[in-house]
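Following the hints, put chain B in place on chain A, whose structure we already have.
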Amino acid sequence: MNTPILEVHELTKKFNAFVAVDHISFSVGEGEIVGLLGPNGAGKTTTIQMLLDLMTPTSGTISYFSKPFPKEREYILSRINFASAYSHVQSRMTVGENLIIYAGLYEIPDAKERINELLSLLEIEDLKHKLFWHLSSGQKTRVILVKSLLNRPKLLLMDEPTASLDPDIANKIIELIQLLQQKEHISILFTSHNMGEVEQLCDRVMFLSHGKIVAEDTPLELTKRVGNSHLILTFDGEQTPVRTFLISENLVFTFPREHVVEISLVETDIPKILFGFRKHKVWITDVNVEKPDLEDVFLSIAGGTYENL
Amino acid sequence: MRTYRIKIVLLHTWYHFLHSMETWVDVFWNPAVQIWVYALIALSFKQTDSPQGLFVMIGMIFWNAIWVGEYAIAVGALWEIWAQSFSGLFISPLSMTEFIVGQMISGTIKSLLAIIVSAVIAFVLYNFSLLSIGWMNVIYILELLVFSWAVGILSLSLIFRYSTQVQSLSWALVFLIQPFGAVFYPVSVLPVQIRWISYGLPATYIFETIRKQITTGIIDWQALGIATILNGVWFILACLIFQYTYRQAKKSGAFARLEG
Numbered sequence: 035m036n037t038p039i040l041e042v043h044e045l046t047k048k049f050n051a052f053v054a055v056d057h058i059s060f061s062v063g064e065g066e067i068v069g070l071l072g073p074n075g076a077g078k079t080t081t082i083q084m085l086l087d088l089m090t091p092t093s094g095t096i097s098y099f100s101k102p103f104p105k106e107r108e109y110i111l112s113r114i115n116f117a118s119a120y121s122h123v124q125s126r127m128t129v130g131e132n133l134i135i136y137a138g139l140y141e142i143p144d145a146k147e148r149i150n151e152l153l154s155l156l157e158i159e160d161l162k163h164k165l166f167w168h169l170s171s172g173q174k175t176r177v178i179l180v181k182s183l184l185n186r187p188k189l190l191l192m193d194e195p196t197a198s199l200d201p202d203i204a205n206k207i208i209e210l211i212q213l214l215q216q217k218e219h220i221s222i223l224f225t226s227h228n229m230g231e232v233e234q235l236c237d238r239v240m241f242l243s244h245g246k247i248v249a250e251d252t253p254l255e256l257t258k259r260v261g262n263s264h265l266i267l268t269f270d271g272e273q274t275p276v277r278t279f280l281i282s283e284n285l286v287f288t289f290p291r292e293h294v295v296e297i298s299l300v301e302t303d304i305p306k307i308l309f310g311f312r313k314h315k316v317w318i319t320d321v322n323v324e325k326p327d328l329e330d331v332f333l334s335i336a337g338g339t340y341e342n343l
Numbered sequence: 222m223r224t225y226r227i228k229i230v231l232l233h234t235w236y237h238f239l240h241s242m243e244t245w246v247d248v249f250w251n252p253a254v255q256i257w258v259y260a261l262i263a264l265s266f267k268q269t270d271s272p273q274g275l276f277v278m279i280g281m282i283f284w285n286a287i288w289v290g291e292y293a294i295a296v297g298a299l300w301e302i303w304a305q306s307f308s309g310l311f312i313s314p315l316s317m318t319e320f321i322v323g324q325m326i327s328g329t330i331k332s333l334l335a336i337i338v339s340a341v342i343a344f345v346l347y348n349f350s351l352l353s354i355g356w357m358n359v360i361y362i363l364e365l366l367v368f369s370w371a372v373g374i375l376s377l378s379l380i381f382r383y384s385t386q387v388q389s390l391s392w393a394l395v396f397l398i399q400p401f402g403a404v405f406y407p408v409s410v411l412p413v414q415i416r417w418i419s420y421g422l423p424a425t426y427i428f429e430t431i432r433k434q435i436t437t438g439i440i441d442w443q444a445l446g447i448a449t450i451l452n453g454v455w456f457i458l459a460c461l462i463f464q465y466t467y468r469q470a471k472k473s474g475a476f477a478r479l480e481g
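Keeping their order, the protein sequence lines are chains A and B. Each residue of the first sequence is one higher than the last, beginning at 35 in our numbering. Each residue of the second sequence is one higher than the last, beginning at 222 in our numbering.
Everything labelled a hint here was simulated from the structure, so no lab data went into it. Be a bit skeptical, because a hint or two may be false.
Unchecked claim - Computed beta-carbon distance windows for the label pairs:
id	chain 1	residue 1	chain 2	residue 2	range
1	B	249	A	167	20 to 30 Å
2	A	164	B	271	53 to 63 Å
3	A	209	B	334	40 to 50 Å
4	B	414	A	93	42 to 52 Å
5	A	167	B	228	20 to 30 Å
What the hints assert, rightly or not - Here are the simulated DSBU-like pairs of lysine-lysine, each with C-alpha atoms no more than 35 Å apart in a straight line:
id	chain 1	residue 1	chain 2	residue 2
6	B	228	A	162
7	A	188	B	472
8	A	48	B	472
9	A	162	A	146
10	B	472	B	228
11	A	101	B	472
12	A	217	B	228
13	A	105	B	472
14	B	228	A	164
15	B	228	A	101
16	A	146	B	228
17	A	188	B	228
18	A	258	A	206
19	B	228	A	105
Glycine included, each C-beta is placed from N, C-alpha and C at the ideal position.
Bound conformation, chain B alone:
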């Protein structure tokens, strides 16, 4: 793996970003509009002295880390497949690992931009400063980003396995996690029978910890530890599944046929 080529992948992403209105919409417009709505919901809850509105708004701010991070990996590859330029990249010395690492870094930058845009709007409308969470922001965002990478790599595996027929999963897969990930509400709200799904997701522990810190000022390190372990498991599992599907796609010819 060469750092130089990862920088080229980032430059490629930047050039593409400059000419792609869709990516601007996904990175800036969508988070801005969504947080606008969620901040207003939070304001309506403020009148009832319930912190639930604040939780929904903060959930939305941090959700950007997962959504944009995942999107960058899966849709980053799809942009190349749609342009019939994906295989062209890999007949150069660029390796798949370098490409994915490049997309992970680009996803991190885009996520941070989306979070900043959301945080500024939340501050203006609700007078909530994300800086009040302090340095823990770094840990929360990093944990959520690692999870987003795992989901992004899994989405990419599905595309390699089932081709672009499943391309909508690049947007949709991550939203399957939202109801179980305790993004806007605690796990206790969910029916007991399906809570085990939530407890298998690192995002659950992170969002619960954020809410606990905001309510009590206490940081649940144990929950964060579980999130870190689960993140490790998810990421390793995603990499192994990806490695397998990539190999299989090259064996079956599906990889070469991705561009139709």
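The following block holds chain A by itself, in its conformation from the complex:
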């Protein structure tokens, strides 16, 4: 990994006897998109709040750009930013007024140009003079994204930025984040419940469960650990030759319907099995492959089975 922008060491948060975040350590490198995932109550939001100095950790250290946080609060907060579906700007003010205020707090020298550039990039120039509370959820999310990019952050913390959005709007926002990440080359620490988004966006994923990081890897490697792919075949004729062949290959399978077989196997064995069926004169009329995804990782972590894999 390249130079770490954010380094977290043994970060812990206790609320009396309850341990919300339990000695977690991780880092985010330059230009990297890291997903922080986990079931509700896993400690994601608490971690983000500590990373923003909204909550004081019980123990552990946080450093950005090799500087201690929150000791170097002003230096660090002027170089990072935050976007969340749950964090808004002042609803009684117009979008333009809010952005002027935040540009001022970040001391952006070319504030008006920067605001116009970002409004144009996110295709919301027409909202500039509208009151924030008159906007739809999707429009608000875009305004929050503009706010979070005003200071050209080196690191952007995003806490469920697409929560409560319709799927088409959420997809558009994810595409925008990808576009922005490429254009501004920012690092992103991203939390979401939408595993599809995470697979689409993140270079690396950390799974939190009961306040601990229980898995950390690329989305692909994590899904490989969950288990086999499922090959679902529709075939003509009797079940017997199918059964005989699959038993000879030592594979686990079921017949969900009379002419359909579902086989659990390693993805790389699929061509061999399909070729084998042809040799055994089994006529395949439909092929469907279900690969494990982050959803399966999430479910196995939420179900407590992941550690046993």
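Below, chain B alone, put in the same frame as chain A:
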């Protein structure tokens, strides 16, 4: 602490003020209507040659300094909490001190506007000019403003400690002071058993001094000195309590949960 960011807080307050009818009502409408009533009460007393009516009206004019000054700090923060934008401000380089100082300055401006509106109405209805008090106006208003800041910071501490469940105290806390603060009547009117509360409030000495100056033309510097010392104590105590509750709120997670 950066002056530049305090100016941005003031700009934020101004933008909010432009779009918020409630703040216009609190800063202009309420003082105007109240002084209208109090000036008419004063007029009815004028027929009996009693100065009590005048005292009530002047008390109301200066009460604006405490009420609006306190309101600006506590409700200024509440507007952000209600909009779920409060924590967003503090993940920028803005510090809590800069935010509060900004609200104190904005409270001072709003208080002065409320006092001017009240003074003009009092002049029109009762023919009383606040300018007759002279430069002492500056001292009285400044003393009352410092006290209002202390009460505002205490209100904010309560919100940080008990969340928005106690948000009504942002309006109500200051009115707890009114009966003991000798705003409309001298301390001697109060039962002896509770006068000690009055003597612990800087406002008491200021309102007594104002009345003394109007009646006799004499300025009670000793009372003003006591008010200044008490103001210092109240302000420092309020800052210490705020610092403690802010730290605790960040430790307990209450600060992050303020927006619900």
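**Request:** Please flag the earlier hints that this structure goes against, numbers listed from lowest up.
**Result:** The structure conflicts with no hint, since it agrees with every one listed earlier.
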